[in-house]
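Novice: Grab the two chains, each in its own frame, and use the hints to assemble them into the complex.
So you can see what is in the structure, the chains are spelled out below.
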Amino acid sequence: MTMLFIAPGTGAWAAAGMIATTVILSTTGEVLTAAAMQKIGDLDVIRERSGMKGAIKAVVTCPLFFAGVLFLALAFFSLLFALNHLDLSLVAPAAASLTLVTNAVAGKIFLKENVDRRRWAAAVFVCVGVYLLAH
Amino acid sequence: MPQHRLSPHQWLILTVVALCAPLGDTCLSRGMTHVGAITLHDPGALVRAVFTPWVGGGIALLICFFASYLTALSWADLTFVLPATAFGNVIVALLAKFWLHEAISWQRWAGIALITVGVGFVAQGPPRTERPGGANTAQPVEAAEEEHAR
Numbered sequence: 001m002t003m004l005f006i007a008p009g010t011g012a013w014a015a016a017g018m019i020a021t022t023v024i025l026s027t028t029g030e031v032l033t034a035a036a037m038q039k040i041g042d043l044d045v046i047r048e049r050s051g052m053k054g055a056i057k058a059v060v061t062c063p064l065f066f067a068g069v070l071f072l073a074l075a076f077f078s079l080l081f082a083l084n085h086l087d088l089s090l091v092a093p094a095a096a097s098l099t100l101v102t103n104a105v106a107g108k109i110f111l112k113e114n115v116d117r118r119r120w121a122a123a124v125f126v127c128v129g130v131y132l133l134a135h
Numbered sequence: 001m002p003q004h005r006l007s008p009h010q011w012l013i014l015t016v017v018a019l020c021a022p023l024g025d026t027c028l029s030r031g032m033t034h035v036g037a038i039t040l041h042d043p044g045a046l047v048r049a050v051f052t053p054w055v056g057g058g059i060a061l062l063i064c065f066f067a068s069y070l071t072a073l074s075w076a077d078l079t080f081v082l083p084a085t086a087f088g089n090v091i092v093a094l095l096a097k098f099w100l101h102e103a104i105s106w107q108r109w110a111g112i113a114l115i116t117v118g119v120g121f122v123a124q125g126p127p128r129t130e131r132p133g134g135a136n137t138a139q140p141v142e143a144a145e146e147e148h149a150r
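If you read the sequences in order, they're chains A and B.
Numbering-wise, the numbering used here puts 32 at position 32 of the first sequence, and it's gapless, one number per residue.
Numbering-wise, the numbering used here puts 61 at position 61 of the second sequence, and it's gapless, one number per residue.
Isolated chain B, as found in the complex (with noise of 0.2 angstroms):
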């Protein structure tokens, strides 16, 4: 049977992948606004980007997005876990408009609808999917709780 359920630990890695990818690539974007622009015959300004608060924070969000997105395909399928990333879009559109108080036009509040309906049809069903041949090898929730009891 496949596993409809997530662990808590589960629901945790899917919420750092949406919100570090979008978050680093912001960070990313506003530090390299504030270098200015990088021309060929000063490639040391690109290193020296990598160091500022910005890029470097930005940097260390997306090894993080990385690490957490490497974790989810180890359990579920790529075809749960991108929605799951793009869920992020959302979370950063919905920062802007409550925290920011940025205007949000009917175009993205009709996107933020489509994608939160769209992770909710994935949301609703298990991880990961049975393959033919039994190939499916990965259990999450019995894994871990077998670990536990061990």
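The shape of chain A in the complex, shown without the other chains (with noise of 0.2 angstroms):
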């Protein structure tokens, strides 16, 4: 079946390693932009101390934020690439439905954050909900 969404050349492992490579770059960058903006603090409370030129040095000047631009951008490219090769009713979906999946587990485990049984089973309702509304 999932072969119908590959093009004549590229190997299924190819795919999913296309796929995987997506989905890792993409976390990597949600992960790092978090962790930057937990770092920086509400960005609300710093707009109503220093107006919003002191919100934009707060953010641009964090090295973390741009690690994480970086990746979000690796991504994208890898997202382009994947769909060179890729059906976009097979890569669009399985992309963004992992990677809901992939932040919870990099979540809890980087940014320390309490993913409590509420949160990991809204993490695999909305996985499954994106894969059949992009699909």
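Honestly, the hints are just simulated from the structure, not real lab data.
Since we're looking at a predicted model, the values are computed, not measured.
Here are the in silico distance ranges between beta carbons for each label pair: (1) B:T26 <-> A:A12: 29 to 35 angstroms; (2) B:V47 <-> A:A20: 29 to 35 angstroms; (3) A:A73 <-> B:R48: 19 to 25 angstroms; (4) B:L46 <-> A:H85: 18 to 24 angstroms; (5) A:G11 <-> B:V50: 33 to 39 angstroms; (6) B:T116 <-> A:H85: 32 to 38 angstroms; (7) A:A73 <-> B:P53: 23 to 29 angstroms; (8) A:A67 <-> B:G44: 30 to 36 angstroms.
Just so you know, even glycine gets a beta-carbon here, dropped at the ideal spot from N, CA and C.
Specialist: If you want it as structure tokens, here you go:
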């Protein structure tokens, strides 16, 4: 079934590798960006104290933020590469939904978020939901 | 204690996050389809495409999305914000159904139901959870209230 979405000459393992690369790069970017924003603190409060310029300065002077944006950009190019070999109807929902689950795992491990049963259930529900909606 | 309440301003930020990403993608998609195929022989076509209304509008919406997304991450967990982002797909699907009168298959209805339930699960909990060692310092509602009281 899945073979229908893969261009001739591209193996199933290669397809899985392309999607996995996109998911890993995207998750790394999201986690680094989230870590940067945690480190910076509440932007609404910073904006009230120092104005919009102060909020922008707080973000653009944080190295973690640029590391996150770099990985998000790499994830974007990895997605474009995957789209060159695989169908949009496979890559977009698969990458979007898997990223939700990997982000929940990475959020728990690296950001020390308290991912309780409710959030695990939400990650799985939204993951399957996004796949069904986008497919 | 973790905060279970979001201020109206924070709900607004999450709504902008949910709406701007799918709407921006849709504008970009529509704009790039109108522009036609872009080849390496004419890279200037890509620059010209940025200044067309649909592509320019899409980029503006995605900038709004990223700014709101960063703001939300500054007071909420990643595992709280991401389902909110996914909820935008539900809003766009419902707009397509009731505004553009597009047909929605039972699989897409099932997807809408699952995302809605998933977002409901997350929305019942606190936007930012406690971290071991007291690393969690963000108290969004209290901090905003203190600022107002000052």
